[in-house]
Amino acid sequence: MNIITIEHIAKIYQVGSEEVHALADVSLKIDKGEYVAIMGPSGSGKSTLMNILGCLDTPTKGIYNFNGVNVSEMNDNELAKIRNKEIGFVFQTFNLLPRSDALHNVELPLIYAGVSSAERKERAKEALAHVGLADRMHHKPNELSGGQRQRVAIARALVTRPSIILADEPTGNLDTKTGEDIMALFNEIYEQGNTIILVTHEEYIAEHAERILRIRDGLIEKDEIVKERFIPKKNGASKI
Amino acid sequence: MKNFLFELREGLLIAFRAIRANKVRSILTTLGIVIGVTSVVLMSTAIKGIDNAFQTGVSSLGSDNLYIDKWQWFNNDIPWWELRNRKNLTLEDYKKYKELAKLPLAVAPTVWNFNTVKFKDRVVEGLIIQGTTSDYIQTTNLSFSEGRFFNELESNGGRNVIVLGSEVAKKLFPIGYAVGQEVKIKGHKFRVVGVLAEQGSWVMGNFNPDKQVFLPIQNIFKYLQNENLRSITINVRAKNSQMVEATKEEAVGIMRRIRGLAYNQENDFSINQQEGLLNTINQTVGVIQIAGLFITGLSLFVGAIGIMNIMFVSVKERTKEIGIRKAIGAKRRAILGQFITESAVICLIGGLIGLVFAVILSLIINQFLPTSVQVDALILAIVISIATGVISGFAPAYTAAKLDPVEALRYE
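Order-wise, the sequence lines are chains A and B.
For the first sequence, this note's numbering assigns the number 1 to the initial residue and increments by one for each residue that follows.
For the second sequence, this note's numbering assigns the number 1001 to the initial residue and increments by one for each residue that follows.
Mixed in with the good hints, there may be bad ones.
For lysine-lysine, the following DSBU-like pairs were computed, each having C-alpha atoms within a straight-line distance of at most 30 Å [unchecked claim]: (1) Lys1120(B) <-> Lys1096(B); (2) Lys1120(B) <-> Lys121(A); (3) Lys61(A) <-> Lys1402(B); (4) Lys1120(B) <-> Lys1023(B); (5) Lys1316(B) <-> Lys81(A).
In short, the hints are calculated from the structure, not lab data.
A quick note: this is a predicted structure, and the numbers were derived from the prediction, not measured.
Start from the sequences, fold in the hints, and give me the full structure.
Put into structure tokens, the structure is as follows:
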């Protein structure tokens, strides 16, 4: 079943008197349970595509069907609701709230979903335990390592049980070893049946996925299945 | 509703964190509100104090009293030269009125003279000497700290007796024991028969009985001034407040007869009442109130601008945070609420601190002007500070709520 169906979307920015086609004409389908990497050099339009896929932005043209709902013409609040319920974001720079501890950061999406305090705490603890941070719940981001911060961010993405996980260069700010641990965690999440869309410009990271979409100049250049998928070892790094 | 409460709680949490994170800034910003609320509360308290003082001053006149006078005291609808041209009221008029009037509880004439009272080397200058009769005391609520008022015999006989107001007595007889002593006015001796208890109202100025002395009315004419110099006032006390109107109507009828007015002639006297004074006072207090609250309101307004300014800075600084919250699913309303809550909390804290200051300062003011911070002023201050926060936080919060999540996330 298709979770994402995009038909001929374009995103055009007006810069001065010039029109910039960040996305020229993109159509794609993503199934439930897929692990897709979006690759492309900077300026290729992959960020724009990610913003649209993540319902942070709407396309200028075309139709975006998410879970059978047309989101391309939704207003701000409707999009916020979709983001809250259906999409879990993982960012390169983690984007945690610096003054809140790990638990509160993970609780945050549930607050906006209107979940009661007790249930919120319960689910947030569960999600943190899932990423191996059960003992770091009351640490603030600046008391955590980069890898741990990204785990908190992943826990925050998972806590609403979203339809897709959208990860934008999740290893970009981490050393190779920690990056591998994070990729192992994504693999685990994927194996549990979650849909993951991974945005990256690094080939070896993209090869963790089962399918790679290559973008260039606002068009999909190539849509390929990864023949030899890189499956990271679970090396117990979740304990760092 | 449920969502709203969660978001409110989250908003409060964020607000306290943000305030703690920027202590100095929060303190300085709050200071504006502290000063604003302090001045608004103090001003409204002071105005209440002034009003109370006026009201007690007026009520010392007695609400059941009428004053038949040549002059109209508080109303300016008759030109002053017309009032001046009226015939003086005389002791004869008083006597006839007293004879004819059935309704009053008591009737007494008064006439005043500016003069100096001496006791040995102590002098009180420029005080009002009231000439009246023994009935006067029944037209007032005055009480005595020493002695009594002059009696009918002394009054009718024009004896050289005097009753002192409390302030006058204090100046002439600092250690008391005034009764039986002789004071001098223009070289004439008067024996003190009584000292009034303190009335304590500063509002009436020299008309405050504390600052007056009382003589039998004949003595004024005999020693101090010609009988025709000033018109007398006839003080009339009605039996009770229900009888005031009837007494007044009767007085008008009798006075017209005494003064020999034809049916088509206007009254050539006025019947004054405390009510007229009350109206004047209420108008005055009203003006003070509007002016005072407007001026103090300005300081609150300046404080509000400070809050608005700092909230704009705060929104700018936390653009990234707003982006994160939006990405995670915060709706516009949630962001709007968050920043409005923050600004309201800052203002509320400022308001509460301001209240504490106001209460302390009002204790000091209380030394000069009997007053205290009322519960309604407390509630008003809290409501005002929250409202200030909400209003001044709205524009910054609205900018925050409107931010584009993509742009906001990119902000460093």
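Verification of the supplied hints:
no. : hint                      : verdict
1   : Lys1120(B) <-> Lys1096(B) : violated (41 Å)
2   : Lys1120(B) <-> Lys121(A)  : violated (89 Å)
3   : Lys61(A) <-> Lys1402(B)   : holds (23 Å)
4   : Lys1120(B) <-> Lys1023(B) : violated (68 Å)
5   : Lys1316(B) <-> Lys81(A)   : holds (24 Å)
Violated hints for the displayed structure, listed by number in ascending order: 1, 2 and 4.
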